[in-house]
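Number of protein chains: 2
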Amino acid sequence: MARLGREVRPVSYPRGEIRASDFRVVEVEVRPLRRGEVLVRNTWTSVDAALRLRLRERAPAGYFPAFPLDEPMDGIMTVGEVVESRADGFTSGDTVWHASGWRDYAVVEAERPALGGVGTLTKLDVRSAPPQAHLGPLGASGLTAYAGLFHVAGLREGDVVWVSAAAGAVGSLVVQLAKLGGHRVIGSAGSDDKVRHLVADLGVDAAFNHHDGPLPDLLREAAPDGIDVYFDNVGGDHLEAALGALRRAGRVVICGMVSEYGAQTPPPGPGNLMLAVTKGLTIRGFRGSDHTFLLPEMRRRMGSWLREGRLRHRETVVEGLAQAPAALAALLRGDNTGKTLVRIEDVPHRGNADH
Amino acid sequence: MARLGREVRPVSYPRGEIRASDFRVVEVEVRPLRRGEVLVRNTWTSVDAALRLRLRERAPAGYFPAFPLDEPMDGIMTVGEVVESRADGFTSGDTVWHASGWRDYAVVEAERPALGGVGTLTKLDVRSAPPQAHLGPLGASGLTAYAGLFHVAGLREGDVVWVSAAAGAVGSLVVQLAKLGGHRVIGSAGSDDKVRHLVADLGVDAAFNHHDGPLPDLLREAAPDGIDVYFDNVGGDHLEAALGALRRAGRVVICGMVSEYGAQTPPPGPGNLMLAVTKGLTIRGFRGSDHTFLLPEMRRRMGSWLREGRLRHRETVVEGLAQAPAALAALLRGDNTGKTLVRIEDVPHRGNADH
Numbered sequence: 086m087a088r089l090g091r092e093v094r095p096v097s098y099p100r101g102e103i104r105a106s107d108f109r110v111v112e113v114e115v116r117p118l119r120r121g122e123v124l125v126r127n128t129w130t131s132v133d134a135a136l137r138l139r140l141r142e143r144a145p146a147g148y149f150p151a152f153p154l155d156e157p158m159d160g161i162m163t164v165g166e167v168v169e170s171r172a173d174g175f176t177s178g179d180t181v182w183h184a185s186g187w188r189d190y191a192v193v194e195a196e197r198p199a200l201g202g203v204g205t206l207t208k209l210d211v212r213s214a215p216p217q218a219h220l221g222p223l224g225a226s227g228l229t230a231y232a233g234l235f236h237v238a239g240l241r242e243g244d245v246v247w248v249s250a251a252a253g254a255v256g257s258l259v260v261q262l263a264k265l266g267g268h269r270v271i272g273s274a275g276s277d278d279k280v281r282h283l284v285a286d287l288g289v290d291a292a293f294n295h296h297d298g299p300l301p302d303l304l305r306e307a308a309p310d311g312i313d314v315y316f317d318n319v320g321g322d323h324l325e326a327a328l329g330a331l332r333r334a335g336r337v338v339i340c341g342m343v344s345e346y347g348a349q350t351p352p353p354g355p356g357n358l359m360l361a362v363t364k365g366l367t368i369r370g371f372r373g374s375d376h377t378f379l380l381p382e383m384r385r386r387m388g389s390w391l392r393e394g395r396l397r398h399r400e401t402v403v404e405g406l407a408q409a410p411a412a413l414a415a416l417l418r419g420d421n422t423g424k425t426l427v428r429i430e431d432v433p434h435r436g437n438a439d440h
Numbered sequence: 086m087a088r089l090g091r092e093v094r095p096v097s098y099p100r101g102e103i104r105a106s107d108f109r110v111v112e113v114e115v116r117p118l119r120r121g122e123v124l125v126r127n128t129w130t131s132v133d134a135a136l137r138l139r140l141r142e143r144a145p146a147g148y149f150p151a152f153p154l155d156e157p158m159d160g161i162m163t164v165g166e167v168v169e170s171r172a173d174g175f176t177s178g179d180t181v182w183h184a185s186g187w188r189d190y191a192v193v194e195a196e197r198p199a200l201g202g203v204g205t206l207t208k209l210d211v212r213s214a215p216p217q218a219h220l221g222p223l224g225a226s227g228l229t230a231y232a233g234l235f236h237v238a239g240l241r242e243g244d245v246v247w248v249s250a251a252a253g254a255v256g257s258l259v260v261q262l263a264k265l266g267g268h269r270v271i272g273s274a275g276s277d278d279k280v281r282h283l284v285a286d287l288g289v290d291a292a293f294n295h296h297d298g299p300l301p302d303l304l305r306e307a308a309p310d311g312i313d314v315y316f317d318n319v320g321g322d323h324l325e326a327a328l329g330a331l332r333r334a335g336r337v338v339i340c341g342m343v344s345e346y347g348a349q350t351p352p353p354g355p356g357n358l359m360l361a362v363t364k365g366l367t368i369r370g371f372r373g374s375d376h377t378f379l380l381p382e383m384r385r386r387m388g389s390w391l392r393e394g395r396l397r398h399r400e401t402v403v404e405g406l407a408q409a410p411a412a413l414a415a416l417l418r419g420d421n422t423g424k425t426l427v428r429i430e431d432v433p434h435r436g437n438a439d440h
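Top line first, the protein sequences correspond to chains G and D.
First residue of the first sequence: 86, per the numbering used here; consecutive thereafter.
First residue of the second sequence: 86, per the numbering used here; consecutive thereafter.
Just so you know, the hints here were simulated from the structure itself, not pulled from any lab data.
Any given hint might turn out to be false.
[What the hints assert, rightly or not] The following label-pair restraints were derived from C-beta to C-beta distances: (1) G:Asp310 with D:Arg197: 26 to 34 angstroms; (2) G:Pro309 with D:Asp173: 23 to 31 angstroms; (3) D:Arg119 with G:His296: 18 to 26 angstroms; (4) D:Gly239 with G:Gly202: 19 to 27 angstroms; (5) D:Gly239 with G:Ala105: 44 to 52 angstroms.
[Unchecked claim] Which stretches of chain D does chain G cover? Using the computed rule of at least three CB atoms under 8 angstroms from a CB of chain G, they are: (6) 102-115; (7) 264-275; (8) 327-339; (9) 343-356.
[Unchecked claim] Negatives, chain G to chain D, calculated, CB over 10 angstroms: (10) Tyr148; (11) Cys340; (12) Glu345; (13) Pro355; (14) Gly356; (15) Asn357; (16) Ala411.
Quick caveat: nothing in here was measured; it's all calculated off a predicted structure.
Beta carbons: idealized from backbone N, C-alpha and C, even for Gly.
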């Protein structure tokens with residue numbers, strides 16, 4: 086008796102904001118396992134701003150390819166439980182992560198590299214952290230924050246660090262990692278609630294709501310003597326303000342440019358790049374998936390900090406697989422705090438005996 | 086009897102293109118030397134695109150300050166002969182460089198740092214190279230090319246290198262240094278004559294005139310498999326094209342952005358900076374004067390290459406101090422090849438006995 090599963094598929098590439106009509110949920114028959122594969126019932130699936138880059142005709146050069154229309158979305162981090170295994174090293178009941186998200190049942194080839202290695206099927210240790218933490222601080226978000234701050238930024242003692250989208254999945258980790266490193270940290274976000282969260286829960290030294298005034302003024306107030314490192318999740322006016330505020334030999338780490346993801350035509354870049362020359366600045370873009378060699382180290386260290394309570398993380402949980410597109414739209418609007426997750430409901434086994 | 090000298094002074098900040106009326110030549114009395122000073126008769130003075138950054142109300146943050154109006158321009162590399170010395174280590178007849186350019190007689194304080202150290206009064210070895218070479222390949226242009234390519238770009242074996250404004254003072258050295266390092270080198274310039282010079286005299290592997298078509302197409306033709314390093318002297322559309330052509334982990338070294346120096350309002354930056362994230366690119370701005378520690382090494386190595394004929398350099402020489410502004414205007418228009426220099430004529434001693 087074949088098992089039925091559900092998949093969220095894009096049916097059109099959104100123009101600007103994401104709409105429910107850009108997706109549909111389809112019921113599909115789960116095919117029998119081949120040798121080397123496992124069947125996973127997904128319990129949590131990730132919602133990431135960068136998915137927007139793949140929800141268009143062509144993804145940017147060098148990035149993962151665009152999601153084909155009307156097919157399951159491959160390359161989204163997901164946590165689940167193994168239901169059946171024909172692969173060595175995996176047995177029924179194992180908690181795993183993999184990259185076949187936005188569906189409730191996934192057939193996953195055990196050895197197949199996914200998402201540059203981050204998303205390859207991996208058994209998770211869930212004794213000390215709940216499974217969904219492996220989609221946030223112990224997963225791709227954690228890797229991105231850890232690699233960006235400790236391996237890309239060229240952090241030096243005493244650096245003043247500004248993080249934008251600081252209440253987001255990655256930003257909220259970056260600000261805390263920078264604080265653990267003894268830095269003065271400025272966080273910015275798009276709502277007063279987030280600003281309160283940054284100060285009260287995440288311990289930043291100064292925070293501002295970027296809607297509250299011209300960015301250069303807000304930044305000058307938060308960091309009167311300038312900044313040394315800017316961790317960019319936003320792009321656009323934020324990047325331009327950072328170039329203005331950076332001190333000599335300052336560094337920009339570009340993790341993402343969420344302000345531009347929905348644009349029909351790319352907005353122009355910062356008009357003050359010449360400051361990179363006059364101030365000797367370094368601007369580096371990076372992807373967490375280029376740093377998979379750091380995964381074991383990151384999980385060990387972040388795991389300790391989480392257990393010791395030195396690292397906090399918040400989740401925005403959306404209930405039900407069908408809500409994944411709405412969750413992404415909310416994330417891109419700036420509505421969410423911390424890691425955005427979809428909890429996938431357990432639909433009683435549906436079979437189709439006659440199929 | 087006081088000696089009279091001439092100075093070229095800015096009298097208004099140019100709007101867009103530089104005009105003769107933005108400057109005037111004034112005759113001034115050369116003041117008597119104090120202890121620790123030397124009097125230099127300047128023989129050659131430098132003309133550099135970056136001077137344009139200081140010919141405005143405010144220079145960019147982090148750069149040398151704007152030239153005050155109706156004062157001699159301090160901070161322009163110049164070569165001359167010591168006429169009189171009250172400083173230890175300098176005697177009449179010495180050939181020196183210093184930073185009090187665009188005038189025929191300069192009183193220079195021997196120990197006073199100028200131009201971040203590059204322009205501090207220095208005795209030159211003119212046995213193996215003519216004095217004016219110390220304003221080009223053995224001076225600030227040489228230091229900028231050498232530091233940018235060998236210390237900022239993070240060159241790796243096999244890198245394909247694109248250099249814009251490749252027939253200019255810095256670019257023409259960068260292409261040759263990259264060739265000496267065994268790299269495939271693409272040079273671009275703004276005229277067919279310059280393109281011929283790049284191929285025939287400087288040995289680049291491919292060259293194009295950027296007026297000949299859309300830059301991405303020209304670049305694709307010259308480097309079908311992409312580039313690894315872009316040495317930017319131009320900014321604007323050149324930088325944007327480079328970001329498109331760079332391969333994974335590529336690097337941009339921004340030396341200058343001559344396309345933007347005359348703009349009344351800064352033009353927008355590249356609209357494709359997101360490629361820095363997806364391709365893991367590094368963009369670094371720098372100034373030669375931040376690398377004065379490399380001066381001795383650079384002069385030794387570049388000096389050898391020049392003597393061995395492995396490094397060639399061309400000069401655009403303009404005759405007469407009063408022509409310096411016109412020389413700068415021509416340089417900024419893209420008219421000049423190699424290092425632009427003004428040869429300062431020897432005006433017979435003029436004294437004013439009654440003064």
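### Query
Closest CB-CB distance from proline 355 of chain G to chain D, is it above 10 angstroms?
4 angstroms, violated
Check: Count the residues of the segment 343-356 of chain D with a beta-carbon closer than 8 angstroms to any beta-carbon of chain G: does the count reach three?
Finding: That given contact holds, which follows from 8 residues of the segment 343-356 of chain D lying within Cβ reach (below 8 angstroms) of chain G.
Cβ separation check - asparagine 357 of chain G to all of chain D, threshold 10 angstroms: 6 angstroms, violated
* Has the segment 264-275 of chain D got at least three residues whose CB is nearer than 8 angstroms to a CB belonging to chain G? -> Result for this restraint: violated, n = 0.
| said: Within 26 to 34 angstroms: is that where the Cβ-Cβ distance between aspartate 310 of chain G and arginine 197 of chain D falls? | reply: 28 angstroms, holds
Does the Cβ-Cβ separation between proline 309 of chain G and aspartate 173 of chain D fall within 23 to 31 angstroms?
-> 44 angstroms, violated
- request: Confirm or reject the claim that glycine 239 of chain D and glycine 202 of chain G have a C-beta distance inside 19 to 27 angstroms.
  value: 24 angstroms, holds
Point to revise | alanine 105 of chain G and glycine 239 of chain D - C-beta distance against the hinted 44 to 52 angstroms | key: 46 angstroms, holds
Please verify that the nearest CB of chain D lies beyond 10 angstroms from glycine 356 of chain G's CB.
The assertion about glycine 356 of chain G is violated, with a minimum of 4 angstroms to chain D.
Outcome for the supplied range 18 to 26 angstroms, where the beta carbon pair is arginine 119 of chain D and histidine 296 of chain G: Since the Cβ atoms of arginine 119 of chain D and histidine 296 of chain G sit about 58 angstroms apart, the hinted range of 18 to 26 angstroms is violated.
Assertion that alanine 411 of chain G lies outside the chain D interface [Cβ separation over 10 angstroms] | 25 angstroms, holds
Is the Cβ of tyrosine 148 of chain G more than 10 angstroms away from each Cβ in chain D?
4 angstroms, violated
The structure fails hints 2, 3, 6, 7, 10, 11, 12, 13, 14, 15 (numbered hints given earlier, in ascending order).
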